[in-house]
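A.B. asks: Chain by chain, the residues:
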Amino acid sequence: MSSHREAPEISKDPVADSTDLYAFVSPDAPDTVTIIANYVPLQLPAGGPNFYEFGDDVSYEIHVANSGQPQADITYQFRFRTELQDPNTFLYNTGPITAIDSPSFNRRQYYSVARIDASGYHLLAENLPCPPCNVGPHSIPSYAPLTAAAIQTLPGGGQVFAGQRAEGFYVDLGSVFDLGDLRPFQTAFRFAPNSSGPTGVNGTAGLNVHTIALQVPITSLTRNGSMPTVVTDPAATIGVWTTASRQKVRVFDLAAGQDLDAGPFVQVSRLGNPLFNEVIVPIGQKDRWNSLPPAADGQFLGYVEHPELAGLLPYLYPGVFPNLGAYGAARADLVAILLTGIPNGIVGGFQNYTGPAYADMLRLNVAVPPTPTASASILGLLGGDAAGYPNGRRVFDDVTTIELRAVAGVTIPLVDPSYTPDGAAGAIYDIVDPAKTAVAALGMIGETYLGSFPYLGTPWDGFDNPSVTPVPMLGNP
Amino acid sequence: MAEMSRRKFLQHGSLGVAAAAALASVPNVARTALGSGSARSGAASTAGAAGTAGAAHDPELATTGPVMVHLADAKTGEIHLYVGERELTRHDPALAAAIARAARA
Numbered sequence: 001m002s003s004h005r006e007a008p009e010i011s012k013d014p015v016a017d018s019t020d021l022y023a024f025v026s027p028d029a030p031d032t033v034t035i036i037a038n039y040v041p042l043q044l045p046a047g048g049p050n051f052y053e054f055g056d057d058v059s060y061e062i063h064v065a066n067s068g069q070p071q072a073d074i075t076y077q078f079r080f081r082t083e084l085q086d087p088n089t090f091l092y093n094t095g096p097i098t099a100i101d102s103p104s105f106n107r108r109q110y111y112s113v114a115r116i117d118a119s120g121y122h123l124l125a126e127n128l129p130c131p132p133c134n135v136g137p138h139s140i141p142s143y144a145p146l147t148a149a150a151i152q153t154l155p156g157g158g159q160v161f162a163g164q165r166a167e168g169f170y171v172d173l174g175s176v177f178d179l180g181d182l183r184p185f186q187t188a189f190r191f192a193p194n195s196s197g198p199t200g201v202n203g204t205a206g207l208n209v210h211t212i213a214l215q216v217p218i219t220s221l222t223r224n225g226s227m228p229t230v231v232t233d234p235a236a237t238i239g240v241w242t243t244a245s246r247q248k249v250r251v252f253d254l255a256a257g258q259d260l261d262a263g264p265f266v267q268v269s270r271l272g273n274p275l276f277n278e279v280i281v282p283i284g285q286k287d288r289w290n291s292l293p294p295a296a297d298g299q300f301l302g303y304v305e306h307p308e309l310a311g312l313l314p315y316l317y318p319g320v321f322p323n324l325g326a327y328g329a330a331r332a333d334l335v336a337i338l339l340t341g342i343p344n345g346i347v348g349g350f351q352n353y354t355g356p357a358y359a360d361m362l363r364l365n366v367a368v369p370p371t372p373t374a375s376a377s378i379l380g381l382l383g384g385d386a387a388g389y390p391n392g393r394r395v396f397d398d399v400t401t402i403e404l405r406a407v408a409g410v411t412i413p414l415v416d417p418s419y420t421p422d423g424a425a426g427a428i429y430d431i432v433d434p435a436k437t438a439v440a441a442l443g444m445i446g447e448t449y450l451g452s453f454p455y456l457g458t459p460w461d462g463f464d465n466p467s468v469t470p471v472p473m474l475g476n477p
Numbered sequence: 478m479a480e481m482s483r484r485k486f487l488q489h490g491s492l493g494v495a496a497a498a499a500l501a502s503v504p505n506v507a508r509t510a511l512g513s514g515s516a517r518s519g520a521a522s523t524a525g526a527a528g529t530a531g532a533a534h535d536p537e538l539a540t541t542g543p544v545m546v547h548l549a550d551a552k553t554g555e556i557h558l559y560v561g562e563r564e565l566t567r568h569d570p571a572l573a574a575a576i577a578r579a580a581r582a
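Chains as they are written, first to last, in my numbering: chain A, 1 to 477; chain B, 478 to 582.
By construction, these hints were calculated from the structure, which means they are not laboratory data. Backbone N, C-alpha and C fix where the C-beta goes; we use that ideal spot for every residue, glycine too. Treat the hints loosely; a few may be bogus.
[To be verified] Computed from the model, here is a short list of chain A residues facing chain B with C-beta under 7 Å: (1) V249; (2) G257; (3) L260; (4) G263; (5) P264.
Next up, chain A with everything else stripped away, as it sits in the complex (with noise of 0.2 Å):
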């Protein structure tokens, strides 16, 4: 739901459709940011006889911007195709897969990664190869080596990796769109409850996604190659989206049994901030919005500043919402959040400020040291720990509870002293109260992470999974 199907057209193009983008300093490695960009939402694990891929035909792209402008100083480009060993078997694998060249794994994916800056293009890689999904047990008896083997080496530094990996974003999906229920807190909502209970529903259990995975220096993405240290200097903050781009004219040509690709690559999927498409932006404009550029968001200024969500919360939370529901004001804390980052002295001792431009990136302040992971708050800024969103992105970060929070009115008073937040606003979770809620505690709800690159954990198996058991199992770790 960050932005997995949030626009009508992308939503038929999966293979496009960016799901997630993460941005955090290092934990492991602190001179280094990685990046987390996912495409293909909702994959069952049990997706044979043709299992998940990227596209061939899309370029996935990384951007960052660095120089206070919404513009892309650094982008990193992706391009994937696809080799069969046997194209004369239906078999994704023609027995178990113990290496990543294991002759029996048919269908496999290779990639190529280069960087565009000012000084030009330079690839950086090429022919590195993708773990292949995981079909199940039988067939890849045991599946993190092959993810090992598919973390390769950057020349100048830092790593890469693409390829399946567990869903690390968690939402009530059945609920939060159905009218905007929110489980924990059905007796407050306008609409019969059907249900009730302290937790909601995870609804991206169990599920996988296609990861592009980039960990480089701090020092080959900032301005002018520094290592900020102090959070006020202006190189401190880099702003990154990710964008899916196809060619502009496709021919079904049933004759040459291939579809037929010409012209200039045109942007078809954007994603910077969780959750901006998918509840921000209508569903009149959400496919325009996916085609342009973070510089033309000014456009969309209005719905930051009055966003309909917040409209809605007292309505469907009778009494609930009353000092939301009496706020006219432009809401300057989401335009902040979203479009131009927090400036210095907003929050003490942070900013990620880029300037005036209206934007929708993740921005990260690189000088904010990263929290150790058994100590970071799943609420980000919000509680406490600056090292989480809206400063860049990590895997296990709670960004609907964080947006529902912000929206509800809980960061108001940042911008606006004289406004009291409803009780409710700082209370409010869709799956788990994230005061009471670890990193490690997410297991509970069926989320996976590792401590190390690529931080998402290994992907659902297709035999376990869907699980019988109400939390997913892995049958080959």
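Please arrange chain B on chain A, whose structure you already have, making use of the hints.
C.D. replies: Showing chain B alone in chain A's frame:
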């Protein structure tokens, strides 16, 4: 112009073939007009074989991969060509008319 369904027209992998097929049935003024117009993006068009005999033999017209032609506006002759990762725009009323006739064949 010989019978050319839209499918066959689009299947031709050489701009030279498509252009030659269109040129075969238009006056000489169209041959010289082929090189006019501007490229929307990418490198300049290589289809500038104006006035030369045997446009199909021009090595610059040899391409790899498919060439897509979009007749955007038959009245103004606006034609978009998609080849490789490029989009080229031409304004050629005579060629546009030939394409339109081919589409009606």
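A.B. asks: Compare the structure with each hint and give your call.
C.D. replies: Evaluation of the provided hints:
Because the smallest distance between the Cβ of V249 of chain A and any Cβ of chain B comes to about 4 Å, under 7 Å, the interface hint for this residue holds. A least Cβ separation of about 12 Å between G257 of chain A and chain B goes past the 7 Å threshold, and the interface hint is therefore violated. With a cut of 7 Å, the hint placing L260 of chain A at the interface with chain B holds, because the nearest CB-to-CB distance is about 4 Å. Because the beta carbon of G263 of chain A sits about 4 Å from the nearest beta carbon in chain B, less than 7 Å, this interface hint is met.
A least Cβ separation of about 5 Å between P264 of chain A and chain B falls short of the 7 Å threshold, and the interface hint therefore holds.
In summary, the structure is inconsistent with hint 2 from the numbered list given earlier, while agreeing with all the others.
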